[in-house]
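Here the protein sequences come in this chain order: A and B.
If you read the first sequence in our numbering, its first letter stands for residue 1, the second for the next number, and so on.
If you read the second sequence in our numbering, its first letter stands for residue 1001, the second for the next number, and so on.
Hints listed in this document are in silico derivations from the structure and should not be mistaken for laboratory results.
Please note that the accuracy of each hint is not assured.
[Unchecked claim] Far from chain A, by Cβ distances over 10 Å, these chain B residues were calculated:
hint: 1; residue: E1211
hint: 2; residue: R1249
hint: 3; residue: A1266
[Said to hold, decoys possible] Here chain A is said to cover these stretches of chain B; the calculated rule only asks that three of the stretch's residues, wherever they fall, bring their Cβ under 8 Å from a Cβ of chain A:
hint: 4; stretch: 1082-1096
hint: 5; stretch: 1131-1143
hint: 6; stretch: 1185-1199
The beta carbon of each residue, even a glycine, is placed where N, CA and C say it ideally should be.
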Amino acid sequence: MSAPSASKSYPGQVSEGLRRWRKGKSALVTFLCCICAVIVVTPLALVFGYLVFKGAGSLNWDFFTKLPAPVGEVGGGIVHAIVGSMILVTLAALIGVPVGVLGALYLTEYSGPRFASCVRLGADILNGVPSIVWGIVAYAILVLPHGSPFSVGHFSAIAGAIALAFIMIPLILRTTEEVLLLVPNGYREAALALGIARWKISARIVAKTALRGILTGVLLAVARVAGETAPLLFTALGNSGWSQSLKEPIAALPLQIFTYAISPYDDWHRQAWAAALVLLLFVLGLNVSLRFFTRERVSAQPKADSDKPTAADAVVATVATRGAAVQVQ
Amino acid sequence: MNDQPAALPETSVKATLPASAYMNSPDRGAPPPAASQPKPAIDARNVNIFYGQKHAVIDVTLGIPTKSVTAIIGPSGCGKSTFLRCLNRLHELIPGSRMNGTILLNGDDLYAPTVDPTVVRRRVGMVFQKSNPFPTMSIADNVTVGLRLNGVRDRAFLRERTEDALRKAALWDEVKNDLGKPGISLSGGQQQRLCIARAVAVQPEVLLMDEPTSALDPIATVKVEELMNELKRNFTIVIVTHSMQQATRVADQTAFFYLGRLVEYAPTRELFNNPKQKQTEAYITGRFG
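The following block holds chain A by itself, in its conformation from the complex (with noise of 0.2 Å):
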């Protein structure tokens, strides 16, 4: 602005083409933007599409109900896996929620803030371990005959359990911390100063503060592992029949899509069309069911401020979005 034009003018006036042109710059990132905003969900779309398209039709009774019918033949089902599948991650949880759960209590409410740190980088490394490494470790010290004093011997339901459930420690650990240091430190002193005991408070206060987002957690570390199949080559190894026992190699879903899906059988290939379609249905209808059961219960809204967003959904939206990364990996 060296010299004042005849027309009114001010400071940061543009003449009409450098305006468009500007609007126009505008106009074509903030489209690019909104392109990869879509790209990033196209895939859910694409994959269950084509999943329903490829699988829904060899859904049916006998495919939830029966065992694989005999090679060559038509028929028969993925029952054995389902449950096995079932009966893993139930197992990997009964490990790695209370490790996960009680550790980041731990980190919270008791630790000082070194080894909390050291801890929390640890997880954060192990959280970026591939799953076939633990595959690998688990089936080095678990599978292996000789390989550790704990080792079974040989493939093992147990062994595979034990593999997801070092998956879900560290995210469950993670987020859990998360969670217990959004719960204001205003409830920790009242009770405190009401005299109730260290770990009642941990307890029954802020570990129920924040009991919704230590669930979201929780199920996210389930989905997680429900899907893996790296950890459970080296581990369960699969059957195909029922397992008589933890100490013998299971079926699992996962792995049950990667054998029919390498064999040379045109049904086999149906069927694990039909099978990733399940496991698919089964990971989306957890987050589902999540979103659903955390959601702010409309009685429980706070009179004096309802439209502030509380501490619980602090809690929530942060694990949701911690989810959706771990989701992403």
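Assemble chain B onto chain A, guided by the hints.
Below, chain B alone, put in the same frame as chain A:
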């Protein structure tokens, strides 16, 4: 003030307080035996508090009379909240904090090595600046949480104590039909009175209040101040406040802290009308702080 002997072993705070202790003490709030010179409820002698290198409270000696309201005033950072928090041993949760000196609560040394801080906190309740009812609990559960989590199971007793505490906190009539609703569904002023009820329900001997009305509107503030007048019949109250008007309205005696030191301590009227120290006068006339 110093006429009592050093704490005898049998008068020191019991290491553990059984749940029944709460049930068999109906008249903890009864006035002490009449004496010419009533013993102070809290007797702090040469208290020094440090946060790392910072000397936050310097050599404070202060006797707080029983069944009265004592206000602590002073500019921000003068150590008044720190001093308050060392009366229920809450300050020691901050890493790096140290304290020396003696604090006697009705004759018992709160800092004796055998004393469990948890037990101290049952005898010295606290209300905070920001109301903080537990969000997962109903109104009734918020009131009784201190009892329930210390092992009291008797439902009839808990119900009775709920009503008693809510009445003492002047909240009963407003919430008696909504005891099952979440504590955080109340308004800000009601939440603060709920926190007072929660502190009162464990029947402490002393009630500490750390700027209890600074987050409340004027009407809620008046209610809490009126409440303090009621509560002092049963409890010894120590309040930290930024508002000198509040101190003049509620306090029987007022202590002025400045830069970690106790500058002046006198009956409220005297301290405000006729301050002995220049610093006190400068502060109450608004020349600094």
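Going down the list of hints, with the structure as the test:
no.: 1; hint: E1211; result: holds (13 Å)
no.: 2; hint: R1249; result: holds (25 Å)
no.: 3; hint: A1266; result: holds (28 Å)
no.: 4; hint: 1082-1096; result: holds (count 4)
no.: 5; hint: 1131-1143; result: holds (count 4)
no.: 6; hint: 1185-1199; result: holds (count 8)
Consistency with the previously given hints is maintained throughout, with no hint failing.
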